[in-house]
Amino acid sequence: MARRPIIKEREALLQGTLDLLILRILILGEEHGQGIARAIQHRSSDTLIVDHGSLYPALQRLEERGWIGGRWGTSENNRRARYYSLTAVGRRQLTAEADKWRRLVESIARVLGPGMAEI
Amino acid sequence: MWTPSAFPRRRHRAESDFSSEIQAHLALEADQLVAEGWTPADAATEARRRFGNVGGAQERFHDARHIAWIEDAARDVRYALRALFRDKVYLLAAVSALGLGLAANIAVFSLFAAVALKPLPVPAPDRLVTISKSTPTVRFGPFSVADYLFYRANSRLLASIAAAQPSHLRLAGIAGAGSGTRLPATQGNVAEPVIALFVTANYFDTFGAVPVAGRGLRPEDDVGVGSYSALLSDNYWERRFRRDPGIIGSTLLVSGIRATIVGVSPRDFAGVRQEVPDIWVALAALGDIRERALRETAVCCELVGRLTADASVQRAQAELASLAAARRRDLPVSEQQMKVSAAPAISFGRIGELVRPLFAALQAATLMVLLIACANVAGLLLSRATTREREISVRLAIGAGRGRLVRQLITEGVVVAVLAGALAAVVTGYGLATATRLATTFLSRHGGGTLALAITADSRVLMYVAAISVLAGIVFAVAPALQLSRLDLASAFKSSGGSPPGYHRNRLRGFLLAGQIAVSVALLITAVGLARSAASLLQLDPGFRSAGVVSAWLTNPEEIGLPAPRAREIENRVRARLAALPGVQSVSVASRLPLGGNVTTSAMLPAERAVDPVSRDAAPRYPYAYVSEDYFATLGIRLIRGRSFSAQEVREGAGVAVISDSMARTLWPGVEAIGRQLATGTARETGFNTGARAPAGTVEVVGVVRDVHGLAMATVDVGDVYLPRLTNGWSSRILLRVDGDGSAMAREIPRIVHDIEPALPVSVENMSAVVASDAGVVAGKVGAWVLATIGLLGLVLAGVGVYGTVSYSVRHQRREIGIRMALGARPRQVLAATLRGPFRWIAGGVGAGVLLGVTGIKLTNAILVGVSATASALDPAVLVLVPLVIALFALSAAALSGRKAAGLDPAAVLRADT
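Chains as they are written, first to last, in this note's numbering: chain A, 1232 to 1350; chain B, 12 to 925.
Rather than coming from a laboratory, the hints here were simulated on the basis of the structure. No experiment lies behind these values; they were computed from the predicted model shown. Don't be surprised by glycine CBs; every beta carbon is placed ideally from N, CA and C. You may find that some hints are simply not true.
Below, a sample of chain B positions facing chain A; criterion: calculated Cβ distance under 7 Å [to be verified]:
#: 1; residue: E32
#: 2; residue: H36
#: 3; residue: A38
#: 4; residue: L39
#: 5; residue: E40
#: 6; residue: D42
#: 7; residue: F62
A short, non-exhaustive set of chain A residues, derived as facing chain B with CB atoms under 8 Å [as the list claims (entries may be wrong)]:
#: 8; residue: H1263
#: 9; residue: G1264
#: 10; residue: Q1265
#: 11; residue: H1283
#: 12; residue: Y1287
#: 13; residue: S1306
#: 14; residue: N1308
#: 15; residue: R1310
#: 16; residue: R1311
#: 17; residue: A1312
#: 18; residue: R1313
Construct the entire structure; sequences and hints are all you get.
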């Protein structure tokens, strides 16, 4: 009975932000799915745990939109993997999305106020 | 974002490509974990654990794809088929129950589409109106020729008005166009019955019907010249002449009329008649119409008009009403209350109008049956779903999305519905084709004509089938699907079966069960009532005895070119030879037969009241017939008082008459009719056809005979007048009373006639067959068949429903039953407990059904009034027997599935409970 709502919650949490994070990681160069997941975890000091069930659909979605491109390549330890890279459209999108995100965070911080941050 | 450059990237990835990407992810993750110090085996497990739901990711990837739903649907259908074929009994029950329910619906709808929704096959059919005359006694009656000319001359809103007079004729011969050689009409030179429509020259133009071969009628065809123009209908042209173009230009000999075929009318064009006539003959063939307008007042013709471009039906109606007011001044007293009305012309004429309410009722009944079928299939699905709870729980547990599961179940429903729809299409296609063929054969055997019932799978019917089956599938699948999808995993695993679902659902099913039983009972009661009324029409004493009477129709020998003396000789020799045959009890001649159609009527009143032309004009009309001296003996019509005719009176056509009992009492109430003078005919009237000129004068009543049912089996004639004359006109018949049933004699007569004159067309009919084809008898029989079929269908479905319901509740109560039996309950007690619930619903349904059935009988009586006056009686035997049989049937269905409960092994139930 309880299964479906939980999934929905998670998706809601990550929707948008996951896309932004993926784009942000890819600005450093092309990377495969597992690498992206690890990079997000690493750069967030292991605070953000990427749900892989959401990662691949997100990659799929971004590729469909033309923000990233995918191709099969070989990893440094000689494994075939699908590498993703940012397209020109994706780059513009990242700038826009990042600005939007910063504005959002600032606004929320202002609403919460300094004292509230402790809670 | 939809830039062209973005386009090439938007290609679809194969599912396998996606899964190898995930495999790569797992491998890379494992590599990294090994690098972080995990053992390879643990790393692989951990990588998988961290990834989470591999199947879910893949499923969501799949769902995101554009064509995914098609693939899903295909897979769902494949899976549904597999699942369904695993349970063949269920499949068979569901498909046949739903299929039959659909079949009944489709059949009624196809018939409705073919009859009521069919536009007239002519250009701008909405501009055509039928015009009819109503008096307090006759609704939608025909007009006289004089009426016709009046409205045609005076209407300004109707661009043209055409008249048609239907008639049953006999095709006696065909003469070739050039050579003039006579061809036999058929093999064995048997005259064929044909349905003719005598029409004015503007008839085809009024409709806008263009002949498919040859020409139509021309204005000069309205003038009588001795040889008349005629058209064949395309249907008859094909059926009779195999579309031989050489037939155009040849001359037909039909019932004494010589008519030259000038063309062929379009296929299925029937004017506004219910049947396509075989031939169309210029109305002038019955007499020049201007001349007829002057001398006769008898009604004959149906009128149809085409509106002018700017006229509406309402305005035409208003105009006709004011014209009718003017017309009344020239009409007799009896027509002073007549009204003229116009209505949009529809296919099948009056029949088309009459069938609408009938079809509405039938459609309601069949929809009810379909609802029952849906309820039953839902019931079956529900009880099957109960046994599938485990399978479903497992699928849910291994991560199948609930949406997918619901979709899967609905797919199963739709698959069942589509299979059922296919079954229904086959059943109705076959059934309707058979019905049309039977109807056509019936028509051609009883007077020709074609039923233009093109009951084909037209797009409307197909759409109806598709919509109704898919809708049905979804309707009956949704409830169980929703129930299953709400399945609580934990409890489903703990015990399959579990506690019975909410009581309200059982109550709904109970109501459905009671409803379907009620409908079946009602339909069957009505059907049996109708069948009994049809049978009672046949049992009924019509005042004459049809068994053993054979009627032979002889072509007037003069019409095939034989000289008059030879003609007399042939007639006398035929009569003498027939009378001398062994087994022939009596021979007589009559201008027309009871129930034989082509009724001739004339105004009749006591001579002492016929003081002036006005009173004669206003006199009521009675049917009359010219008969020979042995007519009453031959037909077994009992003489009540007085005498029959003498042979000499018949030869001379003496001024005497025999009248029926009712007529004697009406004309001379309380006084002896014999010896009185009867005034016949109006001042300016002759009869409807050329051979039997109506009497105009005064005759003496010499005898009174029993009333007969001569116009329709259902009603006794208000009066009949018999006049003595040996007719040789085209409608005269020789009647024979023979030993036995007369079928041997029917074969013998043409042989004897052709022995005397090989070229003389003859046709023979058994009087019993004439009675059996009476409209009331046929309507009753057909109605009974239709209702009985729907009712039986409903009954079978009700049986399935009862079975499903009981087995459903038994399945849910297995645990309880097991405990009861373990505690010592006997199988009989268990069975009784199982049946207690269904019994209540069955009893309620049967009770409601009896009430509905009584209403049904009253309704059909109301619809068939006039066609079948012997109302279907509210026979107590029917009202008791039908419900009893159905109740027993339903109870045995319940008992059949209840026995399973009684046969349960308590130990096994309580221990395993799977």
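When the least beta-carbon distance from N1308(A) to chain B is tested against 8 Å, hint result:
holds (6 Å)
Would the hint on L39(B) be counted as holding, given a Cβ-Cβ threshold of 7 Å to chain A?
holds (4 Å)
Is the hint on G1264(A) kept, meaning its closest Cβ partner in chain B is under 8 Å away?
Holds, because the Cβ-Cβ distance from G1264(A) to chain B comes to roughly 5 Å (cut-off 8 Å).
Hinted contact E32(B) with chain A - closest CB pair below 7 Å
Nearest chain A Cβ about 5 Å off; hint holds.
Close enough to count: is the Cβ of Y1287(A) nearer than 8 Å to one in chain B?
holds (5 Å)
Take the shortest C-beta to C-beta distance between Q1265(A) and chain B; is it under 8 Å?
holds (4 Å)
Given hint A1312(A) near chain B, where the shortest CB pair must fall under 8 Å:
holds (4 Å)
When the nearest CB of chain A is found for E40(B), is that gap smaller than 7 Å?
Holds: closest Cβ of chain A sits about 5 Å from E40(B), inside 7 Å.
Interface hint compliance - H1283(A) to chain B, C-beta minimum distance less than 8 Å:
The hint holds - H1283(A) has a Cβ within 8 Å of chain B, the shortest such distance being about 4 Å.
Under 7 Å, Cβ to Cβ, is where A38(B) needs to be relative to chain A, so tell me if that hint holds or is violated.
Holds - the Cβ of A38(B) comes within 7 Å of chain A, reaching about 5 Å at its closest.
Chain A contact restraint on F62(B) - CB to CB distance below 7 Å:
Nearest chain A Cβ about 4 Å off; hint holds.
Per-residue hint verdict: D42(B), partner chain A, C-beta under 7 Å:
holds (6 Å)
Violated hints: none; the structure is consistent with every hint.
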